[in-house]
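Based on the sequences and whatever the hints tell you, model everything.
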Amino acid sequence: MIEGQNQGGDEAYQDLCRRYQAQVGKGRAHSDEMMAQDGTIKPVWEPFFRHLSSLSPEEKSLRFTRGNQYLHDAGVLYRQYDETLSSEREWPLSPIPVVLSEEEWQEISTALVERADLLEYVLQDFYRDNDLVRSGQLPATLLSQNPAWLRPMVGASSRGETLLNSIAFEIGRGPDGKWWVISDLIEAPSTAGFAIENRIAMGRVFPNFFGNAMIHRIADFFNDLQQNLLDLRGRAEGEIALLSPGPMNQNYAEHAYMARYLGLLLVEGEDLIVLNGQAMVRTVAGPKPISLLWNRLPSSMFDPLELDPTSMLGAPGLAQALRDGSLKTVNMIGAGVLETRALMAFLPKIARARLGQGLAMSNIATWWCGQDKQRDHVIANSPRMMVGDAFSTTPLMADPKTISLGEGGQGAEQIAEMLRSSARNLVGQEAVTLSSTPVWEGGELVPRPMCLRISLGRTRNGWTVMPGGYARISAGDDAKALAMQRGGKVADVWVTSNTRIQSSRVLTQNDRAVSSSSAQSILPSRAADNLFWVGRYVERCEGNMRLFRAYYARISEGADHSDVLLEYMRSALMDDVKPRAGDIAQRFADPLVRGMQAASRISDRFSPDGMMALRDLVEQVERLERRRVPLDEISAEISSLLRQVTGFAGLVHENMYRSDGWRFLSLGTSLERAANMCAVLSACTPEAVPAGGLNLALEIGDSVVSHRARFQVWANKASVIDLLALDPRNPRSVRYHVSRAKEHIARLTLDGAGHVLTEVARLVLQTETKLASCRPQEAKPEFLEEIRLDIQAISNALNKDYLA
Amino acid sequence: MKYKIRLTITHEYNQSAANSRHLISVVPKFIANRQQLSSHILEVFPEPDTRAQVTDFYGNTQVFCTLREFHSEMSIRLNCHVEVMPPLAWFDLSPSVSELRHSWQTSRDLGADSPLHYLGPTRRLVQDAAIGWFAQEVFDHGASTAANVINIGRALHDAMTFDSSATTVDTDASEAFALRRGVCQDFSHIMILALQSLGIPAGYVSGYLRTLPPEGGVKLEGADAMHAWVRAWCGPQQGWIEYDPTNATLVGTDHIVVGYGRDYSDVSPVRGQLRSSGGQKNAQAVDVAIIG
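Protein chains in written order, with our numbering: chain A, 1 to 804; chain W, 805 to 1096.
In case anyone wonders, no lab produced these hints; they're calculated from the structure. Warning: the hint list may mix true and false statements.
As the list claims (entries may be wrong) - Looking from chain A toward chain W, a few residues come up when the C-beta cut is under 8 angstroms (computed):
1. A74
2. V133
3. T141
4. Q145
5. R151
6. V154
7. A156
8. I273
9. G356
Stated by the list, open to error - Far from chain W, by Cβ distances over 12 angstroms, these chain A residues were calculated:
10. L118
11. R134
12. L150
13. S291
14. E306
15. I350
16. R352
17. E413
18. D575
19. D576
20. C774
Quick reminder that beta carbons are idealized off the backbone N, C-alpha and C, glycines included.
Next comes the structure, spelled out in structure tokens:
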């Protein structure tokens, strides 16, 4: 794009510009990020806007879909909470970025670094000397009555230690064009991971634009972040892990992503245990030490013993490990106290006292009603005020409990009374309006209020600011409803560069040989357990699909639900299911959903392709349930689903690294298949079974062809049992899978076991021997039932030895 | 007064537990010029794998211990000798409640004994309208803070019935107050909320009570288990006073302090949840004998 060419513009450019101008005119924001007051596009947006206007409506829609498809495939989701239930939602990316100039960015960065340093100073004081209170710069009750000030952490850190290492800020543009800090995001700020995903998705939306545009890359930020984590661990020998509240948390997808991206172990509270003062992660090979936790729990949940006793998320003893110095966290446990709303009323003064001047970027004007002068100001200016809980850490403008004094019918007297009676618990904040930025809605560009979320990370040389980040965009025109939980959008933030950016690639594949190797080689017991169940559930789904197909193959050949063999199938093999397609289909849909749930609990260890395949499968099954499928097409439909399930199994076995994790998944598959085959055989081989039982067994065992190849005879009891129970070369047989399980178990290591066989190894060896020494004609239903119970015992022992 | 204290706490689990971790607060506190611990033995069964004695934010003695192996029963035994010095003659130096409020509002002290920690709310103790009304009814503007504390404690004692079957350790103060029934923990929690509603800083005290009354006296309620009472801040001159609402008495030499906290959860005798808890039975036995 050559400068100067912009002003003339073609028709599409002018048209898009005019239409947006009309929309901006209708909006309630004080100004727009893209459009100047005179209706022209601001220079920094010009190249992008020109590119956008050059796309036809079809091209736009195609590209926007592509971005969403990427996010969907990558599993970028967030969890949304309603009154009672939570559900996963697609990540609401707005495909129109927010563009900022390098000069403006520089100012923002400098101001935020200054604020980060101030917050570090304040936090150090809160948990050590309390000079700010002693000198009267901060009212004492803002700490003593603050639930976020954690007494067990007072004096816990050593001098010189940095307490803040990864924080974020939310800023918005005020009417005078200056930026304001809306909130300080100290405790588990979720920003960085989503920012990468946004950026990759945007690369898909505007591929040919990105190549030449001079936009700052954000990947370096993550290299710095990783280096800092390694520095913080220092010479300690333990692992670095990211501690997540788990899959029910709205930001779990980000936690899994960051752990995978940075090569960290992803753990939950139940993975952790403190032994002899050392935090450990419970793994399949015994406990392994942890030296640094990147904590994503609310601080008060970190240790149920000393902090919130109702917490199910942390682990008892962690607080003591912190005080002992054997464990470090990013950020410090208790740092969330900095998010207290009322603190914003005092930071400007604290800054002046410390820096000799005001902060380069102010925070939203805030008054704590616990002081008479401040409270009177709130009362006097009530039409412009929002009022809320002084100790809450949710930004006022994003909190549904906030009272806007300007609106609503509250009389001045009532307001004054409320402010008097519970003054110490209230803050007032000036209601600010935000600037707007364009989003694409219903084929139009429309302006929506927005604020920016910007991440900062500490490096050896001080704070570094991610050049970009993400913008949060309001769902409607109301600048107060910013929370994404209520239907807002997010957008990528582009900081343009005046010089050409070195590489045009969004992410560089940096050399991360340091820590990823160890994070992958350590398998937490909980992760192993989930992998095991993914294996079991997917196999259970496949088995039940085969039963379903065999059943409906007979129906479509004219048999009735009351057919003797079909009735027998339902009672002996299908848990007395009602003779309805929906009920029978439920028998494979349920395990599939459970498998999916287990997989999503360990999405950091699962290839994105595997997750995608599983998610597709669940969707297809759901679609099948909604559709009415003609009888004669049912078995064809199921065959197609079956191909996908086996495709998934193939994908896992072809692509998964031969780690302990793979072994547990594979063990799940083998034990489930072996047990199910025992059940099928003991149901289909007794004398009393209706005619066709043996063929049914071969069909369910997918061994019709193998049988024909091995035996020159019609299926008889001995041949079927030989092939499906005892043959070590048939990958459908019981013996094959028991032997495979034995090999996996032999390869699992357990600290301190020595040469003595573990219980599970002993059991699997005994079972294999029984099968190997059994003659086909001796394998009665009782024998098969015994083997089935053996397999159950193996599964239980595996659990006890490695997973508990 | 010198005491010999014996305490046994047993926890029986329905499902045996492994890797449990506990924080034990049963050892009497050292309080200068008032209470001195001359010797103590604290035993935990089964023998803990690790054990450490620490001092918490409030200056209480706590013992951490971990039990790695599976166990279905845990018991704690304390044997100790404590000397309790007689209090100074009672003399009310406390200001009016409104002066008291001004005094803590201008305080800049965040030390362990600062009244500022005891203004509420806590996770467990949140202001309750009914308790607030109760306090208002008893409150006397003209009287000193200490007199108000004593009056409220006595009024509460008269309004409540001691009943160990009405509540559990998890019962809310508001619920116990609605029932007008409870044990020392409930009495204390309610009194703390009542005092805080007036702006009087108040905290929770856990401890022991002498088992047998002095000759001719009445046996005190709550002497068979660990006991609880209330401390209230009565201004810079008077400092903290302690009042036992369960027995309607100011605390003297019959009470032995274990810990100070904002509510029960800061000083509960045995903390530590079990990951796979299937339910448990707890028992406590206390004997506080005078040895001189």
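(request) May I ask you to check that A:E413 keeps its beta-carbon over 12 angstroms from the closest beta-carbon of chain W? (result) Its Cβ never comes within 12 angstroms of chain W, the nearest being 22 angstroms, so this holds.
(request) Could you check that no beta carbon of chain W comes within 12 angstroms of the beta carbon of A:C774? (result) holds, 37 angstroms
(message) Let's test the interface hint: is any C-beta of chain W closer than 8 angstroms to that of A:I273?
(response) holds, 6 angstroms
(request) Would you assess whether A:L150, listed as outside the interface, keeps its beta-carbon beyond 12 angstroms of every beta-carbon in chain W? (result) Non-interface label fails for A:L150: nearest chain W Cβ at 9 angstroms, not farther than 12 angstroms.
(message) Interface hint check: A:A156, Cβ to nearest Cβ on chain W, cutoff 8 angstroms. Holds or violated?
(response) violated, 10 angstroms
(message) Take the shortest C-beta to C-beta distance between A:V133 and chain W; is it under 8 angstroms?
(response) Hint on A:V133: holds, closest Cβ of chain W at ~5 angstroms, below 8 angstroms.
(message) Restraint: A:G356 near chain W, CB-CB cut 8 angstroms. Satisfied or not?
(response) At 23 angstroms from the nearest chain W Cβ, A:G356 fails the 8 angstroms test, so the hint is violated.
(request) Quick one: work out the minimum CB distance from A:R134 to chain W and report holds if it exceeds 12 angstroms, violated otherwise. (result) At roughly 5 angstroms from the nearest Cβ of chain W, A:R134 sits no farther out than 12 angstroms, so the non-interface label is violated.
(request) Evaluate the condition: distance from the CB of A:R352 to the nearest CB of chain W exceeds 12 angstroms. (result) Holds, since 19 angstroms exceeds 12 angstroms.
(request) With 12 angstroms as the threshold, tell me whether A:L118 passes as away from chain W on beta-carbon distances. (result) holds, 20 angstroms
(message) Holds or violated: the hint that A:V154 contacts chain W, with Cβ atoms closer than 8 angstroms.
(response) holds, 6 angstroms
(message) Quick check for students: does the CB of A:D576 sit more than 12 angstroms from each CB in chain W?
(response) holds, 32 angstroms
Going down the numbered hints, you'll see the structure goes against 1, 7, 9, 11, 12, 14, while the others check out.
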